[in-house]
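Residues per chain, in single letters:
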Amino acid sequence: MGLRSYVITRVFLTIPTLLLLLTMVFLVMRVLPGDPVSLHFEKKADPLQMEQMRHLLGMDKPLWAQYFDYIAGLVDVNYFSAHGYPNLGKSMQSFEEVGGQVFSAFPATLELAIYSMIIASALGIPLGVIASKSYNSVLDHLIRGFGTVTYAVPVFFLGVILQLIFGVYLHWLPTGLRINPSVVPPPTITGLYTVDSLLQGNFVKFFESSKALILPSLTLGLILSGIFIRLTRTNMLETLRLDFVTAARARGLKDSTVTYGYALRNAFLPILTMVGLQFAMLLGGAILTETTFSWPGLGRYIVQRINFRDYTAIQGAVVMFGLFVALVSLIVDILYAYVDPRIRM
Amino acid sequence: MWNKVELSIVVLVLIGIIVSSGTMIYTFNTMSNLSTLTDDVSALTENVGNLTSSVRDLATITALLAQSMGQLNQTLADLQARLASIEASLAAQAKETIIVGTTDSVELTLDPAQAYDYFGWCIMQQISATLISVAPNSSTGADFEPNLAQSWNVSSDLLTWDFTLRQGVTFPDGTVFNATHVKYSFDRAIDLIPNIPEGAPAGLEYNKIINRTDVLSTYKVRFVLNFPFSAFLGVLSCRASAIVDPTYAPLMTQVNYTAGNARGSTPLAFVGPYYLSTWTRVGSSDIEIRLDANPHYWNATSGYPKTKHIIFRFYSDSSTLRLAIEAGDIDMAFRHISPTDALDLDQSATVNVWWGTGAFVQYLCFQEKRAPFNDTRVRVAVAAALNRSSMCETVFLGLSSPLYSIIPPGMLGHTEAFKKLGDANYTYTRSLLAQLGYNESNKLAFDLWYESSGHYPSSADQALLYKEALEDSGVISVTLKSANWANYKSNRDSEIMDAYVYGWYPDYVDPDDYAFLYWAAWLHTNYSNATQTTLYDQARATANQTLRTQLYAQIDGMAVEQCSVVPLYVSGAWAVTKPTINGIYLDITQDMRYWLIYITD
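Which chain is which? The protein sequence lines are V and E, in order.
For the first sequence, the numbering used here assigns the number 1 to the initial residue and increments by one for each residue that follows.
For the second sequence, the numbering used here assigns the number 346 to the initial residue and increments by one for each residue that follows.
If you're looking for bench data, these hints aren't it; they were derived computationally from the structure.
Worth double-checking, as some hints may not be accurate.
Claimed, not checked - Footprint (simulated), chain V over chain E, 3 or more residues, beta carbon under 8 Å:
no., segment
1, 541–554
2, 601–614
3, 661–671
4, 829–841
Nothing here was measured: the structure is a model prediction, and the numbers come from that model.
Glycine is no exception: its CB is placed at the ideal position from the N, C-alpha and C atoms.
Based on the sequences and whatever the hints tell you, model everything.
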């Protein structure tokens, strides 16, 4: 199978996965107790007015009709071309377009995810290599211990500790939010503050948004680095025992060349897969991180919408998460197939 | 002999030659040295000349250097002056801006036809205005002062209310505020009720209260009511009665948030101390709200608002809000710092904690359509066994107060009626329950429900304390059950909860907005009492404060006998600020008047 056929197959396999996910979320939300209609009436709920609201929200229709309305909206090409995002319905609380809400919240989560992944990779992979090279030594045990601790520590706990140290005591970094309150956020181009401020050429905003990113991305990155350390170490240990490494050493190649140029490249495939898979976990972890750091992303959006039984908003956010994870998995699969042709066979 | 002479001559000649040669060599050398010396002397002279010249140059350079140093000093001084000026400008700017941290967020809109949440109303209060307001530091909530109306009259039957409007109030576009704007605002609010049944005007029943609004003249407006309503001033002072700008307020359409267009995101007339300059939301939650001083504000000449810019920043929970105020990221934290954190921060020298009264109450409801609470004696017995003081001290660390009337202290009509039953009055509880056959071996058993998703403060802790107090009677067994807010409301409507704790934030500060809770149909307690309703209507229909007080006292008295709803506690209020922040008023209205807040050195 050629690379193109492989990619097309993977794309088509993503569609039923998303549909299954969407159906499950749709049903689970409606099985849960709690009525989004009554939540509109904080104090005095008149039965007639509640019935009007039920009609307004489309909840007086049979379940199957609501489901098909939703699916039909999702594949509405005209809507997509007019708005730039799929029709995910209207929020049951605010009646705003869920697509607009989700796409406005997503860049904050994406920015956090990207920087966290950079920190996790920059920390986890080199430490994993060092641990494997000094197998069973004190250094190896120290690094493994570090990996275990960072992976085991809860996100909110690590977050609060970092906030206390760097925010409250040292006053070096802000304790939350995406940018210093006294700085106006950069105009939206990509939605990523650091990128937008650079594109705008405003280094003050870049500096402030980067400062705000440090603690949340460090929190999430540190926790993910634990997985990377263990995974890199295990794979490197296996690879360093292989014949081609011995042969390379026998030919007098420098140790660093053998380790990073040959062994790590071979051990990197499973790590690459794990990076892709960890993006899903990273988005899940982002829910807690976003709450700890008052980060206005998709994770915090989901938590708030769940409290309001905002069915359409939660569906929209889950679809967005699903799409993102599917996209990352697809990219990893393609990279994997590109690097290792056996996969396409 | 000759030979000797000749030899002597030769020797002498040779000696002469040698001496001459030596002399010549010496002379030559000397001459050469002299020449060198001369050269050296001339070189020296030249060098001395050069040196003199250099010294002269040096002197010039020194002079120039001194001049440059002077200029450099001047430049440095200028630079320092500029830095000082920038610092002063920044300090001045900082003194003109207050950054407020909160866990609140505008729930839906800033349209008075819909908004029905604390924070939405708070922002509306800063950017728009009502005809009248409650004066800061009011302890009763009935100290009304002029706002857009300068004076008012009410007919003796409480059906006709005339207001004389303030003149010289302008919208930012120069439009002069007049009576037509008042009529437009109220007509719109009432017309939109069918479209927005969940909005504040619908909840406050504007359509049932107000018959019509008449423009009497440019600056005179009249409200004709459908029934005598003594609390009408309270309704007019709440944010659902804020004035809208017809340019931005379509008559039959509500106005929603529009990204990047703060002005177009609210129909309110910008006649308040501030105008809304930035409003950023992501996924139905606020990210940033910025208020800037309104240069057209009618009271600007008196120096209001005292702080030119207010920036709101939104935190996800009380602990992150506390960290932000401690770290100095924000100047002020208001709603919601937890009671524990507030007391802890009160010991800190880096922040000030401001304490005030509250108007939020919680109460216990009983489901009366079935046993055991269809029997009044059971309800009274349970009410007598409650220990409010212990709960307030343990859960709220004394920052909330036990409540013995559904009307909070300070307000007209407040009584201590439920004190008649006492706190932890187990003797009375046992005696009442004994009449129904309940005792230590046959305990009264029921489910006590509480809300578990943070809609009310410390609900689980409260419930635990209520359970302990009730079970300490020895004749009651309580099973605690919880549900998140969505389920809790569903359970309330489906009437499946035996006993449940509920709460009330007032719409306007008047006993009229509290007393009806004893029989409110939407609480689904299935309790009704025609006498109490009649007393309530009588209290509505009289302006006689003494009579109103007596009527509410009668309602309270009957409530104690019936115990359909049992008052539990009234909340306190607090704000945390940097020590340089002043002008905070935390009174019974729960309003934060940001235009009164200022920064000191």
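Each hint tested on the structure:
Three residues within the 8 Å Cβ limit are the bar, and the segment 541–554 of chain E against chain V gives 4, so the coverage statement holds. Look at the segment 601–614 of chain E against chain V: 3 of its residues bring a Cβ nearer than 8 Å to a Cβ of that chain, three or more, so the hint holds. Proximity of the segment 661–671 of chain E to chain V, defined as three or more residues with a beta carbon under 8 Å from a beta carbon of that chain, is established by the 7 residues found. Coverage of a stretch by a chain is defined here by at least three residues with a beta carbon nearer than 8 Å to that chain's beta carbons; for the segment 829–841 of chain E and chain V the count is 7, and the condition holds.
Violated hints are absent here; each numbered hint is respected by the structure.
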